[in-house]
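For chain A, the structure is supplied; the task is to place chain B on it using the hints.
Residue-level listing of the chains:
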Amino acid sequence: MLELAQEIVQRALASGATDAECTIAEGEEFSAAVRMRELESLKEAGSRAMGLRILRGKNTGSSYTSDFSREGVEHLVRSAIELADITTEDPHAGLPDPDEFGLIDGDLGLFSADVESLATELKIATAKRAEEASLSADPRIFNSEGASFDNHVGSHYFANSRGFAGQYRSSYCSLSTVPVAKDGESMERDYWYTMARDFAGLEAADEVGRIAASRALRRLNARKVETQKVPIIFDPNAARTLLDNLFDAVHGMAIYRHESFLAGKLGEKVASDTVTVIDDATIPGLFGTSPFDDEGVPSRRTVVIERGVLKSYLMNTYAARKLGMKTTGNASRGLTGNAGIGHGNFYLEQGVQTPEQLIAGVANGFYVTELMGFGVNVVTGDYSRGAAGLWIRDGELAFAVSEVTVAGNLKDMLENIEAVGSDLKFRGSIAAPTLKIGEMTVGGK
Amino acid sequence: MQFSDSIFASRFHLAKQDLEGYLGEALSQGGDYADLYFEYLLTSSISIDESMVKSAAQGVSVGVGIRVISGERTGYAYSDDLSPEKIRKAARVAAHIAAGPAKVDRMGLNAQKGHNLYPVLTAPTETAFADRVELVKRADRAARAFDSRIFQVQAAYADNLRHVMVATSEGVLTLDRQPLARLSVSALARQNGGPPQRGHAGGGGRVELDFFLNEHTPEHFAGEAAREAIAMLDAVEAPAGEMTVVLGPGWPGILLHEAVGHGLEADFNRKGVSAFSGRIGQKVASELCTVIDDGTIGSRRGSLNVDDEGQPTRRNVLIEKGVLRGYLQDRLSSTLLKAESTGSGRRESYAHIPMPRMTNTFMLAGESDPEEIIRSVPKGLYCANFGGGQVDITSGNFVFSASESYLIEDGKLTRPVRNATLIGNGPEALKYVSMVGNDLKLDEGIGTCGKEGQSVPVGVGIPTIKIDKMTVGGTA
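As you go down the protein sequences, you meet chains A and B in turn.
So for the first sequence, this note's numbering puts the first residue at 1; every next one is plus one.
So for the second sequence, this note's numbering puts the first residue at 1; every next one is plus one.
Next comes chain A alone, as it looks inside the complex (with noise of 0.2 angstroms):
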């Protein structure tokens, strides 16, 4: 597949365009869902698709084709360079600069072929496993969204005119399971999950199924509480969801748009001295891990924030050159159009004090474990989502609140993070511990 993806760029070259980029896709997906004990679906499949950038001088197209055959082939040249006729020229567009391109050399860990050969039975099993552990925890626990067992691998083939060319394989398994409570009137539901490149790597199944019984049972009976301003836990589970505002926010597209309330404060004190984010899509096994990007420069890793100081925007080529600066390293694509910007292991570094201590030390506050809704601005910050979780009162969690919001502006929030706590683990590729925020306004009765 890489030679049919430099094939394809020599093509596009012969057929006029000045530089090329040729991606390659091929995956295949299983899943498995069962529901109350029994068997609810199976799901096999496999899939493959190609696309393709040119750059005709300073003029972009792009194209993509599931059709492998030869004219299939012909005709995604054909249209990228079609293309061409109707994009402006860009000064700023182009491949990466040529000493730019590489990649990481040694195992990175993303493969498992173990995920390949797992039996259909054992993961229907896995499922039912994690099902049951929920259903049994409690008899408040009467029903079941199912739980599911999904593997994937896949290759990633990338090549371009400059002469770069590189390839990687993955794979990951997961588990998952969404019990449903009940107690009276009050019904709640909540899911809990494990992923991993190779099977051996997953939480125990009965873990799974007891900690998403537990996090739906605690949501039982929740009340909706007064309008107030309070300090604000977020459990890691929220806490992620900051960190994908954070990202959108030093997304470099979004700050030479000004798009951005990071946007010109390179050097400057955004965050409080406890708030350290790095991005690092070197770390073996992890989600946001590759040996390259998706322009073909060497992944890395990236102090974002300091100690409270921004440190630096994330940035492919093009966002980089409108800024002057140089890559990062963070182009991310499908298949077609111009790289965008993506992260790779993206996280706040974790602080000492556990989430119990930090609770502990909250009077009257919010515990949030769950965020809902798009009411993040990163343009200006404002911040103001649906909010669901527990009550603190004198240090101790004491009821469930919910049907509440939560809002202030990002800004002030990342100055009053007051405590990070010691919790961060990564279920994915981005990843934040239990953090405390000194003052936020609660929206309910």
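One or more of the hints may lead you astray.
Stated by the list, open to error - Have a look at the derived ranges for each label pair, beta carbon to beta carbon:
#: 1; chain 1: A; residue 1: G163; chain 2: B; residue 2: S83; range: 34 to 42 angstroms
#: 2; chain 1: B; residue 1: G298; chain 2: A; residue 2: R393; range: 38 to 46 angstroms
#: 3; chain 1: A; residue 1: E71; chain 2: B; residue 2: S148; range: 45 to 53 angstroms
#: 4; chain 1: B; residue 1: E126; chain 2: A; residue 2: R223; range: 55 to 63 angstroms
#: 5; chain 1: A; residue 1: K229; chain 2: B; residue 2: P119; range: 50 to 58 angstroms
#: 6; chain 1: A; residue 1: V303; chain 2: B; residue 2: G193; range: 54 to 62 angstroms
#: 7; chain 1: A; residue 1: K229; chain 2: B; residue 2: E340; range: 48 to 56 angstroms
To be verified - Partner residues are not named here, just some residues of chain B that face chain A (Cβ under 7 angstroms, in silico):
#: 8; residue: V53
#: 9; residue: A57
#: 10; residue: S61
#: 11; residue: R73
#: 12; residue: T74
#: 13; residue: Y76
#: 14; residue: A77
#: 15; residue: H115
#: 16; residue: N160
#: 17; residue: H163
#: 18; residue: G388
#: 19; residue: T394
#: 20; residue: S395
#: 21; residue: N419
#: 22; residue: T421
What the hints assert, rightly or not - Far from chain A by the CB rule (all over 10 angstroms, computed), these chain B residues:
#: 23; residue: F3
#: 24; residue: K54
#: 25; residue: R88
#: 26; residue: N110
#: 27; residue: V133
#: 28; residue: A145
#: 29; residue: L213
#: 30; residue: N214
#: 31; residue: L440
#: 32; residue: T471
Everything labelled a hint here was simulated from the structure, so no lab data went into it.
Everything numeric in this text was worked out from a predicted model, so none of it was measured.
Glycine included, C-beta positions come from ideal geometry on N, C-alpha and C.
Quick look at chain B alone, frame taken from chain A:
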């Protein structure tokens, strides 16, 4: 459309007896039902940023999804290669879900006649790129010309043309050609070196390119985006807590999509995990509320001639004068619940298992004058436009984010307020609807709904309504 005229016959050389053979293969291990979903999809997109057309892309994908249902179980496989060997292989994989003797009572496939809701001769995807690129250029120019405080504009145009063929073991054969186009504009405004504010607008549908040239022009969407950005420059902090909320007509209908629509999808109700489970016939809204999901409105983004299981779409009454009337069914749920199909089985692509989904969801108009509704509020919030929303169908809690809203003081709209999330509970929220306007408006055609990882285009609509009590998530 005749089978022999379809792209699947002409380009991929599929014959009816091939389809019957694949269905037979799918039921070779038993099972109650099988279907094939063939899809040939052409897409294109063009975007402008900093007044430069920086990106243009086009692509093609093809595939078939094969499903076998056995009792409550579903087996699913797909192939992006339409060669007979690959389709047969996928059929055998899907067949694994059943364990019994082959189902042999096969009947011949008969092409069904469906609606003709989008009689588009030339789909936007089939027009010259030179014409389509003008749309984003015009949008860019118009937004910048709107006001000197507009300093950044992005516009994106995207279209696709989806050829779909569904064949089922019950003899249904449907063909559809589904065009879809959308133009969206985002503008940033700034004054006196202050912080920027963003405005956003867009629209489209299952239309010809002419829709954008004459009816809903780039200048219209650009003007809306720029106007919203400028309006927000003077925004004050949003209030926090319970208050009276008035929703403007059109896109704010997303309230219905989140508050009731998802909770009425039959898969959740069959499993008893929705806050609306077991509530048919009960009062879940004020008498002023009648909520419809209608997949048959001409040219709309959420409309379909047939759903993705080959069933004709319908106009379905979800709530009638406040009383819960029905759920949205797909094939699996309607069979298990012994309910009528509602034509609501949808999927993102051939690689996805269908499930019950909404089409165009809206509330019927009432009798109040919209201005009278606003005049009746001494203190509250008027929401003119929204971003996205989300719902937890089990607790019934839903949120949606106001992107343009104003304080109501003494019956008048006064100051614009900053973005705020509104939160409520599905079976409760609409009980507080105390006035419904006579100005029902459908959205302009920009919505996409996500459920269990699958995205499908949808529409929403609502007249101006007054909700006496809802929680607003501001900071003031």
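Hints versus structure:
no.	hint	result
1	A:G163 <-> B:S83: 34 to 42 angstroms	35 angstroms, holds
2	B:G298 <-> A:R393: 38 to 46 angstroms	57 angstroms, violated
3	A:E71 <-> B:S148: 45 to 53 angstroms	51 angstroms, holds
4	B:E126 <-> A:R223: 55 to 63 angstroms	57 angstroms, holds
5	A:K229 <-> B:P119: 50 to 58 angstroms	57 angstroms, holds
6	A:V303 <-> B:G193: 54 to 62 angstroms	30 angstroms, violated
7	A:K229 <-> B:E340: 48 to 56 angstroms	52 angstroms, holds
8	V53	4 angstroms, holds
9	A57	4 angstroms, holds
10	S61	4 angstroms, holds
11	R73	6 angstroms, holds
12	T74	4 angstroms, holds
13	Y76	4 angstroms, holds
14	A77	5 angstroms, holds
15	H115	29 angstroms, violated
16	N160	13 angstroms, violated
17	H163	14 angstroms, violated
18	G388	4 angstroms, holds
19	T394	4 angstroms, holds
20	S395	5 angstroms, holds
21	N419	5 angstroms, holds
22	T421	4 angstroms, holds
23	F3	22 angstroms, holds
24	K54	6 angstroms, violated
25	R88	14 angstroms, holds
26	N110	28 angstroms, holds
27	V133	4 angstroms, violated
28	A145	19 angstroms, holds
29	L213	17 angstroms, holds
30	N214	22 angstroms, holds
31	L440	25 angstroms, holds
32	T471	6 angstroms, violated
When held up to the earlier numbered hints, the structure conflicts with 2, 6, 15, 16, 17, 24, 27 and 32 and fits the remainder.
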